[in-house]
Every structure is written in structure tokens, then in C-alpha cells.
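J.: For the protein sequence lines, the chains are A and B, in the order given. The opening residue of the first sequence carries number 1 in this note's numbering; numbering runs sequentially from there. The opening residue of the second sequence carries number 643 in this note's numbering; numbering runs sequentially from there.
Rather than coming from a laboratory, the hints here were simulated on the basis of the structure. Quick caveat, the model's predicted, so the values are computed rather than measured. Warning: the hint list may mix true and false statements.
As the list claims (entries may be wrong) - Just a few of them, taken from the derived set where beta-carbon distance is under 8 Å, the chain A residues facing chain B:
{"id": "1", "residue": "Asp13"}
{"id": "2", "residue": "Leu259"}
{"id": "3", "residue": "Tyr295"}
{"id": "4", "residue": "Phe436"}
{"id": "5", "residue": "Val441"}
{"id": "6", "residue": "Gly523"}
Said to hold, decoys possible - Derived Cβ-Cβ restraints for the label pairs, each shown as a range:
{"id": "7", "chain 1": "A", "residue 1": "Lys207", "chain 2": "B", "residue 2": "Asn916", "range": "38 to 44 Å"}
{"id": "8", "chain 1": "B", "residue 1": "Ser806", "chain 2": "A", "residue 2": "Gln301", "range": "38 to 44 Å"}
{"id": "9", "chain 1": "A", "residue 1": "Lys204", "chain 2": "B", "residue 2": "Ser806", "range": "49 to 55 Å"}
{"id": "10", "chain 1": "B", "residue 1": "Gln954", "chain 2": "A", "residue 2": "Tyr376", "range": "34 to 40 Å"}
{"id": "11", "chain 1": "A", "residue 1": "Gln495", "chain 2": "B", "residue 2": "Arg824", "range": "38 to 44 Å"}
{"id": "12", "chain 1": "A", "residue 1": "Gln301", "chain 2": "B", "residue 2": "Met685", "range": "31 to 37 Å"}
Beta carbons are placed, not taken as given, at the ideal position from N, Cα and C, and that holds for glycine.
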Amino acid sequence: MIAGSETGASAKDTQKIASAVVRFAGDSGDGMQLAGTQFTDTSAAVGNDVATLPDFPAEIRAPAGTVAGVSGFQINFADAEIHTPGDVVNALIAMNPAAFKAHIDDVEQGGIVVANDSEFNKINLKKAGYPEGYNPLDDEVFTQKFKIYRVPITRLNEEALADSGLGSKDVGRCKNMFALGLIYWMYDRPIDQTTSYIDNYFSKKKKMPQVAAANINALKSGFYFGETTEMFPVRYQVAKATITPGKYRKITGNEALTLGLVAASKLSEKTCIYCTYPITPASDILHSLAAMRNYGVKTYQAEDEIAAVCAAIGVSFAGQMGVTGTSGPGLALKSEAIGLAVMTELPLIIVNVQRGGPSTGLPTKTEQSDLLQAMYGRNGDCPLVVLAPQSPADCFDTAIEAVRIAFRHMVPVIIMSDGYIANGAEPWLLPDPTTFEKIKVEHPTDPDSFEVYGRDENLARPWAPPGTPGLEHRIGGLEKENISGNVSYDPENHQEMTNLRQAKIQKVAEFIAPVEPHGDGSGDLLVLGWGGTYGSIITAVDRARAAGRSVSAVHLRHLNPLPSNIGDVLKRFKKVLIPELNTGQLRMIIRDRFLVDAKGLNKVQGKPFLVEEIEQAIELMVDNRWPDRVSVIPRQHKVSVD
Amino acid sequence: MPTDVEMPILTAKDFASDQDVRWCPGCGDYAILNQVRKVVAKMGRRREKTVFVSGIGCSSRFPYYMNTYGFHTIHGRAPAIATGVKMANPDLDVWLVTGDGDGLSIGGNHLIHMLRRNVDVNMLLFNNRIYGLTKGQYSPTSEEGKKTKSSPSGSIDMPLSPLSVALAAEASFVARAIDVDRALADVIERAAKHKGSSFVEIYQDCNIFNHKAFDYATDKASKLDNVIYLEHGKPLVFGKDRNKGIWLDNSRKPKVVTLGQGITEENLLIHDENDEKHAFMLSRMSYPDFPEPMGVLYRIKDDCYEDLLAEQVHDAIVAKGAGTLDTLLESNDTYTIEA
Ligand code: SF4
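With these hints in hand, go ahead and build the complete structure from the sequences.
T.: See below:
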């Protein structure tokens, strides 16, 4: 019989709760990401809504046991719709003292802490930076504030696997499964999804049945430990959410983006050629696409970021779907080449998975601070289309739309994902592929009517790839004469072409649906956001509305061009708040374009917004308690008011 | 291609675009342009299937003057763009025109990596040992001590050998020629026929900023003593009177010897285009210590990047079946929420 399938058989108390936030934390080699992912998959499969926040150290293997080397995975699962991984942690699993130290501040008062007691020894406490002779698990400050369960996970796992035939190192690697098993028990989840994963991965794929058996054994031991020990008086149940019925899969932003690009390639009947250079947090897109050759996808790991974008431009010139992917520092390197794509009016897809900057910055942490770079970070007046997905699954639709726009308007399109939605996951109701609209691509063939820089109704020039008889032509980075496409240094032509390049982008707005505020069409406050902050903003706005405040939200997917009615919408609200994970980049654009006195809530801590932070900013503004400034920086989960 | 369609025979003129050629009068680029037009016409290449890609610099104006597809890109990046073109459409006949600054300075990285991947591109590197377009600064191939506007006290940069770089970058075809030399056409033709990256260094006279830099190799009176024409399987003989040659001394270093007094052509080094070490040695021979090799230094058969890539796609489709929109969305871990 499979453990966990016998729900309710336990003699212990079961408490029903609406949602829970669990965080697994341990050394980066402890397998916390796997434990978290498995917990997420299982929770999604039992019908909860889920949202996740993985958090890894920048170093691949920072010194073991140190705070710098702690890797975490947070999951929020609920019986109703949720949009964020949760503000506070209800249960923390701390595999060592460093993990405890790094994460304990995020645990709610009265929250659960499962500490791997075996690792709270002298050496590890010292590595975590605790003073000699001190163990936080004995400290009343913590024991009174939290429900701390001291479970010797390492030792129990070793005992359970004593006969596994594995060496001690391999046995140690299974302790994440012991911890997972225990948490499965605690939240009354079945373990069979994970056992079949382990079996598939270790037995079938890696041909290591012994390792598979040990992992499954560890998982079950953890589960049974919860059930049999007297330590845990209650377990918790989070009921199914009322979710639209249908077929789902759990998906991260990077996965969804990958699928979106491939779907766009199928819908346009163009070969997707993804040209890139490995960079965190975008590399997973390369990994996924590289494994999809049977979809006709080609991937090219270039010698550098510049070569990557240039190869993608070569692909577009030659008539296929050129895509490049990167993160902030890479986008900086690609600027000049992107300008070439703007000048030559070629379609090009640029994926930018933002991370903390400037320079190398915070490679594994999220931020939205590349907006101005995407908008303006090139020499000359060099406009292009900028889109931003709002959630992991939304990356799928955004990728398709980006390709559609690039092909229809002959323009480069930048997709602004970020580390949070790229690595975060949510359940995705699989769309019906038969409802997807084809992406139309027309290539000219008639030499008599062909003009290299001729214009269609969208001001787009014709796309005539090499190989077409009679349409031989030359393009390049020098200014072009409109219509003929010949090199031109004529002053008035340059003026006209500069205006045309801008007008081309503006034309895209005609294909963008007008925005409709979430909430009311007018009121006291509009909260305007873009990209990955969607979940926190919507949740905060809903809570403020439930509390009777006149607040609505608009979340922008189209940053350039902006939806054509955005100016009108802004004017229908008395105040505008723009929360961003940067120092106010969209705010600058909005103030510039619409002369609206928008205020900012600006956070650059490498972390997404907590709902509470936005809620407090909303209250300050609606209740007229906002001091006379343009922005508020959240500090320690509190919005500062002084 | 249907066989019943008569393809018109194209001449060099058919490959000339309607644009006025704007290099300085007397620039070596003119001679190269004429030879390239002749070679593509002679080889029966089709205009619509031909693409000239270039970077930035005097030489990079080249695509404008060819009535084919062309892309005048940005400084140094032409190899990357050409690679993209070949990945998208391996059938195209892609040429790349670059210079010593474009290809070896700002674009050195891309040059190396295109060559090692063996993308099927004919790369012509016009080496005039100077920056022409920016009006006369020293380049990565300028000789040490060269006085230019940016090196009034003489350049302290060690120049590099483009051929050595190409060989070290695993190029599958490496050759050299001179703008005004009749052998140029033959070298270009062999480069064009080679499947894979062909690297051709062309000594090119910059009439304005580095005139006569290659006088030693072009002047009628001296050139035969200063260059050596390579022929596969033939001994390395040179000189006006063909009385000099190259042999290996006891420490296996090349040495110039005079024929006669017991030394015959049979004692000389034989040129072997397929020998990497030999090619590298040739690439290090420079004036005035040695005659400089002209012709094909090195050539091997090797798979091209774009073909291997296409093959992987093909094999994956055979192994896993062609992916569709339906299979795309499905995955191992889908689950169903019942109504
Ligand atoms: S500057 Fe030199 S290389 Fe450039 S066109 Fe004039 S002569 Fe030729």
C-alpha cells in the first residue's frame, strides 16, 4: 500500500486550513529545489492552486554550511485562487543552522520550524556564524516565538537506509526525501507522485535502481516518522481549490517561454533558431530548446552575447525565426546589434530574463531594472517593441505575441521576463492548440513591384530572404533611403526615416486591446504595474477593495508602444501608484508621457513584493497619509513612512 | 531545380550592382572586386543564392557592389551574422568580406569561432595593415614601430599573423593571395569550391594611408624573391631564377637554400596542403627573413556546423517523431482536474 493514500487513518488531529506557505531551506547541495518542486507537483495534482519562489545562491557550491550557500524553495498552496508565493512562511524546514539563520525572520509568529537537529552541531553552528556555545534551537527568543520541532533528519535517514547498500555519501543525499516525506505527512499529501518520479528518474533514466529504492525508502520513512512519532500533535489539510476543470501542468516562466517560442515557430511555419550565450537566469531556455530538435528547433550556443544576437539577426535576414535570449548584462552587450535590426527593419526576438543589476549584480535574484535599458539603451533614436509577461504561464502567450508582432511589423521585440517568473511555477490549464491563430508571414516574389524599403499599411517593409530570384538587394546599418533602401546621407531623409521608425512602433498599438482596469473604471487610486509583479499587485488591490477602498489596478503587458487608451485611464483616477522592483523606471516613462504625478513603491532587494508592502502603500495613498514625496522604499517587510 | 528551365549564363558584369564603387582611386579593393565577380560568374553561381556579408571598414563596402544579396553589418560581427544565415539556409553561397581591423581586432573572437565551427563561408580578409576608413591608425597587422597618427612614436604592438590565427582556430582551408596578383583568382576559386570555412588573407594596398606596404611582394623586380607560390605535392622553390628553395635544417626549422652544389629540388621541403604542422610553419615565414607563402597553405575535409545541426534535427525527428503543437503542450507531468 502506498503511504499517504490512507488519509484519515491517522489517530492524530487534523486541522483544515485555507492555505499554507512552506519553505524548504538547506545547503545548496541538499536537494532543496527537488524537494520543493516535488511538493509543488503533488500539491498541484491534488487540486490546490500553487505559486512558488525558488531562491538559490549565486555560487554553484558556496562553502557548505555557510549562510551564503543556502538554497531555498518556497511554495504557497491554497484551496482558492492565489497569485503569489506568500508573504510569510507558515512552515520552515531548516536542514542546517545556516538555513535556519537565513530564513527564520520570514517565519510567522507561532509558525512551524522543522530543524534537522543532527546538523546543529558545533562545527555547523560555527559555519553559520553563531557564537561559540550558542544553539538557536535552545534560545527562548525562538522557542517561544515558533513551534520548533527538532528532528534528527540526517541520523534517522541513515538508520532507515542502513541496509540500502549505498555509501554514506549517497545515503546522505537522500535526506531531502526524508524531510519531504515528513512534510507530506504533515500536510496530508500523497507520496505516490514523488515515488513514481524517483522511479522514472533514477531507475529508468539513470539506471540506478538502488538509488531509486533508497530515495523511496527515505521518503516513506519520513512520512511514517510523522505518523508514528509523538512529536507532531496535528497535521493540516488544505482542500482542493475550485479550479476550472481540465488538463493542467505545472509550469515555470522559462518553460512557458520555451513552449511559446516553439508554438510560434509552428504557427508561422518558420524554423526557430535560438542563439544565445549561457547566462543566469536565462540558460534554462537554452537547455529546454536544445532538447527539442524534433520540433525543428535549432539552438546555437554562441561565443558571446554579441555573436548570439548577430547570429539571430542573420537568421532573420535569411527568412527564419531569429531569437536571442539573455539577462541584463547580456542585453547591454547586444545593444549595438539590436540597433542594426532596427535600422535594417528585420524581425528579431530578444528575451531578457531580468536579474539584479547593475553590472554582474545579483545574478540569481529578481529585479525589473532593465526597463529603461530595453526602451532606450541604444545609440540613436532606436525604438522597438517591449512586452512583459505577468506570470510564469503568461510567458507562453507573450512569446507568441512577440513573434506575431515582429513578423507583422518587421521590428525587433524585447520580452521582459524576470528571475521571479522565470523560475517560479504555477498550474497552467493547457490551451487548445486548435484555437491558436496562425502567424501570417508573406515574402514578396515579384521583382517588378519590389522595393527594399517599400511600406505596407503597417509601414512594414517587405521581407525578402536570400534565395528569392530577382529580389537581390543589400541592406546594412547605414541610413537607408525610404522606399529604395539605398544608402542615403540626405538630411531630410534621415529625419523622415527616424520618424518612420517611431511611427512603425506606434502602429503596433492599433493591434493592442485597450486596457481595462481590474476593479472600477475610475476612483481614488490606480495601481499601475508591469511584468512579474502582477500577482502581488492584484492580491493587494483585491484586499484593499475588500476593505472598502476605491482602488483599481492596470497591469501592462505592452510597455512599448503603450496601449492607446492608457492616458485616458490614468486621468480617471485621482492618484496613481506604480510599484516596481526598480527605482521608478515605468514611473519615469508614465510621468514623461502623460504628465501624471504618479508615486512609486520601489523595492530593489532581489525579492518580489510582499502583498503586504503594496497594501500598505495603497492605504497610505488612499488615506492621504502619503508624505509629499514621489516614492516609498519598503524596508524589512514594512513600508517606511518617515 | 527543374532541368527544363534554361538558366542564363551570367558574366562578371551581371554580378555588378548599380551602385557607384566608392573606394579611393588606386585602392587594391578594385582588383579584388573584379576577381571575385569573375570567379562567381565562372563558377556558375546564381545571384539569388549568393550572399555577401561584411562588417565595417573600407573592405566592408564590398556587398554594395555585388548584384547579389548583401548585408553590410556592424563592426567585427560579420562572422556571427554569416553563421546565422547559414543555419537558417544552408543552401546559400555565403561570402564574408572583412579587413585586418574588422576581422582581427574588434571581431577577432567571432573570426576564431566561425572558423573552428567550420561554417561553410568564404571569408576574404583584406589585409592592408592599416585602418583606412578611420583615416590611418595602426592595425593589428601593422609592423612594430610603425608611425601613424595614433602611434607618432611608433607602434609598440606586436603584429599578428592572420594565417597563424586561422590555423590555430582550426580553419579547414587557409590561403593567401595578393590584390594585384594573377594567382588571386585561382585562390578565390579554390576557396569557393571548398566546403567549410575558407579563410583567405589578401594583401591589399591602401593607396592613401599605407601605400606600397606590400611593395616587396608586388614589385616586379623583387617579388619573385620575396614570395613563394605553393603547389600541393611540389617542392618549395622560389626566386626569379627559380634557384632558391626551403628545406628543413637539423633542428627541423625552415631555411632558405640555393639550389646547386649538391642541393637539388629533391632535397627541398614538399608542400603538403593537408599537413597542419607544415602549414603552421609556412604561416610563420615572413619577409625579409623568408619568402612569404602564397596560395593554399592548408586544406582538409571536415563537417560543417550547419550540416551537423540540420542532421541533429533530422535524427531527432526520426528518433522521436516530428513534434507538433499537440505533443508540445503535453508532458510527463500533466494532471487533470475533474469537474
Ligand atoms: S582608405 Fe585605403 S583601403 Fe580605404 S578605400 Fe582608400 S585606399 Fe582603399
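J.: Hint by hint, say whether it matches the structure.
T.: Quick rundown of the hints versus the structure:
1. Asp13: 28 Å, violated
2. Leu259: 6 Å, holds
3. Tyr295: Cβ of Tyr295(A) sits 4 Å from chain B, so the hint holds.
4. Phe436: 7 Å, holds
5. Val441: Not OK, violated: Val441(A) not within 8 Å of chain B, min 14 Å.
6. Gly523: Result: violated, 35 Å to nearest chain B Cβ.
7. Lys207(A) - Asn916(B): 38 to 44 Å: Given about 43 Å between the Cβ atoms, the range holds.
8. Ser806(B) - Gln301(A): 38 to 44 Å: Given a distance of about 26 Å, which is not inside 38 to 44 Å, the answer is violated.
9. Lys204(A) - Ser806(B): 49 to 55 Å: Holds, at about 50 Å.
10. Gln954(B) - Tyr376(A): 34 to 40 Å: 39 Å, holds
11. Gln495(A) - Arg824(B): 38 to 44 Å: 49 Å, violated
12. Gln301(A) - Met685(B): 31 to 37 Å: 33 Å, holds
Of the numbered hints given earlier, the model fails hints 1, 5, 6, 8, 11; all others are met.
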